[in-house]
Amino acid sequence: MSELDKLGIVIRYEFLKHIRRKRLYVILGIALVVEAAVLILIPALRDGYPGSVMVMAAMLTAGPSLAAIGAVFFAGDAIAGEFEGKTGFLLFTNPIKKMTLWSGKYIASLAAVGLMIIFSYIIIAISLGAIYGEVPLEIFESFGVCMLFAAAVLSVTFLFSAISKGAMGATVMTLVFVWVISGIVQSVLGFTGNPYWFLISAGGDSIAMVYGGMEMFMEGFGGMTGGMGAMLEGYKVPTVGETCWGMVIYLVGGLALSMLISRRRQLS
Amino acid sequence: MSEPIVIENLTKYYNKFLALDELNLRVPAGEDIGLLGPNGAGKSTTLKILCGLIRPSSGKAYIDGIDITVDPEEALTRIGAIIETPEFYSYLTPEDTLNYFGKLRGMKSENLRKRIKEVIGLVKLDKWARVKIEKFSRGMKQRLGLAQALLHDPPILILDEPSLGLDPRGVVEFREIIKDAGKEKTVFFASHQLVEVTQICNQVAIINDGKLLTYDSIKELKKKYKSLEQAYLKLTGGSIE
Chain E
6 MSELDKLGIV IRYEFLKHIR RKRLYVILGI ALVVEAAVLI LIPALRDGYP GSVMVMAAML
66 TAGPSLAAIG AVFFAGDAIA GEFEGKTGFL LFTNPIKKMT LWSGKYIASL AAVGLMIIFS
126 YIIIAISLGA IYGEVPLEIF ESFGVCMLFA AAVLSVTFLF SAISKGAMGA TVMTLVFVWV
186 ISGIVQSVLG FTGNPYWFLI SAGGDSIAMV YGGMEMFMEG FGGMTGGMGA MLEGYKVPTV
246 GETCWGMVIY LVGGLALSML ISRRRQLS
Chain G
198 MSEPIVIENL TKYYNKFLAL DELNLRVPAG EDIGLLGPNG AGKSTTLKIL CGLIRPSSGK
258 AYIDGIDITV DPEEALTRIG AIIETPEFYS YLTPEDTLNY FGKLRGMKSE NLRKRIKEVI
318 GLVKLDKWAR VKIEKFSRGM KQRLGLAQAL LHDPPILILD EPSLGLDPRG VVEFREIIKD
378 AGKEKTVFFA SHQLVEVTQI CNQVAIINDG KLLTYDSIKE LKKKYKSLEQ AYLKLTGGSI
438 E
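Chains as they are written, first to last, in the working numbering: chain E, 6 to 273; chain G, 198 to 438.
The shape of chain G in the complex, shown without the other chains (with noise of 0.2 Å):
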């Protein structure tokens, strides 16, 4: 698939506030696209119409050609998703956990127990595989909640605010483990830390009172507004020079 991503005209009204408004975006295989905008500009809301968390008021979002709000099941298959800062079932250990949703995605039993090992190895969370995820700070939850985006080993990824909660070094490593999975993937992250997202996307788009105000490459961006700092602060309504 070309575009695995594509919305249009997507919008979204939450009683009376329009969070969408008429959205259009299409992101190309393999290509790592930052989701821009200040808080309340409707990147997660965009990031949860496209997992089939919440319904458009109207438009279209597709993951892979499939239409998310006709054939939500299908369309998921192909995701990896963090949504916000991630609740896990307090009682389940991280093994537990994944295992609930590999089996869910369909993983036979030894793949899965391979590929459970694998990235509980990568969020470095070897030591605590077998220990109730009701002892877990935020930041190690974060770990296990893009351990679980990873699992399945999907084609997409959709993060929103992936780092969030983390220590330093655990966003230079998650990071790191997004950047790499960028190789082979699509990703679509968006986040606040512009350092983040130029190291991370080749690709951003900004967001706005539900509106796409550009999607251009950081390169472009730069060569026009000096700085992607630059860019978003304009584009977004305020300056620092």
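Okay, chain E solo, but in the shape it has when bound (with noise of 0.2 Å):
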């Protein structure tokens, strides 16, 4: 039997860990509840919807940019737990390499968050076809830099799940790194001027910068004056293209390390 016949069998049943369990009915249930909150509460705040398709497509985007975060809920016990939970003295027990395993545990997780993004941009496409009557074509390229960014995080969790003794700190601290560290330090590089495409948190925000630039956003809900208009100028906001290869490399390196890790770590 091959080792990629052995990956297909364990992308399946941890695909079906994922079916099976409520944390991703939850995820997606949140990721629905902020997309029809933006639907509701920007006519009910304002006069109607913005004019712009664009702009409404990339508020949109908080649905499923919410969902790609919750690669963090399915990834964190997936290295971590098998030496927490012992779950590992059955399963490391049978003739498979840990690079597979590990591989299959990655790729049925992406799987999964894969089945929450695609469900949360179809309620977007139905939602500004009912709006607008028109479903903006950078649609596809949103969905591509979501997956790419669930993809990252979703590496990000498997190295710090191949460090941490539990799931609930490899959980705590891939969140802390992707929303508190990478956003402070994305915030202080933006203004004071410099680049900052090579940050997780710059990946996430290009989900929604492929409809447009923050000027357009701006413009959108009747432009921005006053301070944090200044503050704004100064900002070098990267490329979509930019934050990509940021986002490549979390997704290699962080997989890449967290198998090297997790291969040398023993069940004592």
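Take these hints with a grain of salt, some might be off.
[To be verified] Listed next, with one range per pair, are the computed distances between beta-carbon atoms:
#: 1; chain 1: G; residue 1: 381; chain 2: E; residue 2: 261; range: 41 to 49 Å
#: 2; chain 1: E; residue 1: 171; chain 2: G; residue 2: 327; range: 28 to 36 Å
#: 3; chain 1: E; residue 1: 102; chain 2: G; residue 2: 413; range: 33 to 41 Å
#: 4; chain 1: E; residue 1: 253; chain 2: G; residue 2: 268; range: 29 to 37 Å
#: 5; chain 1: E; residue 1: 266; chain 2: G; residue 2: 389; range: 33 to 41 Å
Since the hints were derived computationally from the structure, they do not count as laboratory data.
For glycine and all other residues, C-beta sits at the position ideal for the given N, C-alpha and C.
Build the complex from these two chains, which are given one at a time in their own frames, with help from the hints.
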């Protein structure tokens, strides 16, 4: 039996795990609630929807972005959980290479997150079609960037899962890294006029940026004046292409490091 | 293979703690060998190395002549194991779990289905075969652990306290299953239960502080020390006399 056959088996059973767990439906529910909130609150708090379909499409990416962050909850226990929950005592006595095992877990997690992202983009497409009578083609680009972001977040989570004793620690560390640390560094670099394309949080922003730059977004809401507008003037907003390269670094680097570390890890 | 399990100068450190100290042991084919020793003696460490769960600091461990550190996947095809109290994925049923592990071991679907039914029947989990494991007691998980160890009909069984958490009836049933399996297989079996070991094994290896104290037949040990219990206590540093 080849390792490829075994990889297929691991993917199948890991995917079954995600489907049977409540967390998939909870994250999907939250993503849908966020999209519903955007659809309800914008016309309620201002005079109708923005004139541009692109601005509204960008606003609605909050849902799939959240779904992509959901990758953290799928993968936090992927490696650490086998050691913490001691399920590894059974799994690791099967004749399968650790590399195959971790790869299968990664692909299954990405498939589960992908499923949620696809679902939330279908909701976006239906909503835009209903409100504006059109769906911009950029939605496919946004979907691609969102999948890349999810894959990068998943890799970072795998890395933290490989070095953490527990699944909860891995989950919290990833969330702090992606949302807090990376976000703060991005703000500092942005306000000081420095490039920040290499930060994972910048990758998350690009999911909406494919529809247009910051200016288009602000214009759609009547422009930005005062101190905030002046502050944003110095921003060197990275292109979507640049942030994609940044996400590829996290994807490849995180996954490779997590595999190396977890291969050496012992179940004592 | 005349000696399916060979341990040569096996040494294991956990940081500075010496768990195994140049342990040497050879288990002949078809024998049921008990591995005895007090808590922290190195029993579980030995079994974990044999199952590829941890790496030795030095020394070698062979399964059917295959160095477990060089080709663990090939060595593991020969082994069925229960290490510590088995923990399973709670969202799967016993059938799902055995299907997963059976497929990873390359068992064909039709044969696997038949075998799953057999081993689930053997450990008396028939009524629970399609119930999620999250509802299982420790004893039931132990039974399922034995089912997965026997699933692929391996020539070698490595068992670490297999009857832990079982009720008295379960202990008796387990003993019978292992004794029966031991007629055709090599069983290497760590336990604190001397009675259980006496009833299953022909020979015992007693270790303490990671060192082999004796490796002999139970019959011989009884001759020398009156009983296995006396042999165990004297060799590991105490006496009930």
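- Query: Has the hinted range 41 to 49 Å been met by the Cβ atoms of residue 381 of chain G and residue 261 of chain E?
  - Reply: Because 44 Å falls inside the window, the suggested range holds.
- Between residue 253 of chain E and residue 268 of chain G, does the beta-carbon spacing fit 29 to 37 Å? holds, 34 Å
- Item | residue 266 of chain E versus residue 389 of chain G beta-carbon gap, inside 33 to 41 Å or not | holds, 35 Å
- Using the C-beta atoms of residue 171 of chain E and residue 327 of chain G, is the stated range 28 to 36 Å upheld? holds, 31 Å
- Message: Against the range 33 to 41 Å, how does the distance between the Cβ atoms of residue 102 of chain E and residue 413 of chain G compare: consistent or not?
- Response: At 39 Å between Cβs, range holds.
Comparing the model with each earlier hint shows no violations; every hint is respected.
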